[in-house]
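**Student:** Please build the complete structure, drawing on both the sequences and the hints.
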Amino acid sequence: MTTQPRIPLDDLTSDALDALYERLDRAAGLADRLEEFAENALRTDDQKLYAAIAADLRTRLAP
Numbered sequence: 001m002t003t004q005p006r007i008p009l010d011d012l013t014s015d016a017l018d019a020l021y022e023r024l025d026r027a028a029g030l031a032d033r034l035e036e037f038a039e040n041a042l043r044t045d046d047q048k049l050y051a052a053i054a055a056d057l058r059t060r061l062a063p
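The sequence shown begins at 1 in the numbering used here and counts up by one.
Any given hint might turn out to be false.
Stated by the list, open to error - Think about it this way: if two alpha-carbon atoms lie no more than 25 Å apart in a straight line, the pair counts; the simulated DMTMM-like pairs of lysine to aspartate or glutamate are:
no.	residue 1	residue 2
1	K48	E36
2	K48	D25
3	K48	E35
4	K48	D32
Derived from the structure by calculation, the hints contain no laboratory data.
Since the structure is predicted, the reported quantities are computational estimates derived from the model, not experimental observations.
**Tutor:** If you want it as structure tokens, here you go:
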């Protein structure tokens, strides 16, 4: 995962904050889809993999 350079809080614009929330929303949506894949996967190994990736993503998104 690549990291973006940090913006000092004093320099954070409304547009930059909106972009950050947009990225967080997309990442949360990805976790939702991965959980759906886990529920519908035919193989148990795939179910566990998708569920683990979704859980890891949600952990990284948590405050």
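**Student:** Now tell me if each hint is right for this structure.
**Tutor:** So, going through the hints one by one against the coordinates:
The suggested pairing of K48 with E36 holds, with an alpha-carbon distance near 12 Å, which does not exceed 25 Å. Only pairs whose Cα atoms come within 25 Å are accepted, and K48 paired with D25 is accepted, the gap being roughly 24 Å. Taken as a hint, the K48 and E35 pair is honoured in the structure, with Cα atoms around 10 Å apart against an allowance of 25 Å. Between K48 and D32, the direct Cα distance comes to roughly 15 Å. Compliance with the 25 Å bound is thereby established for this hinted pair.
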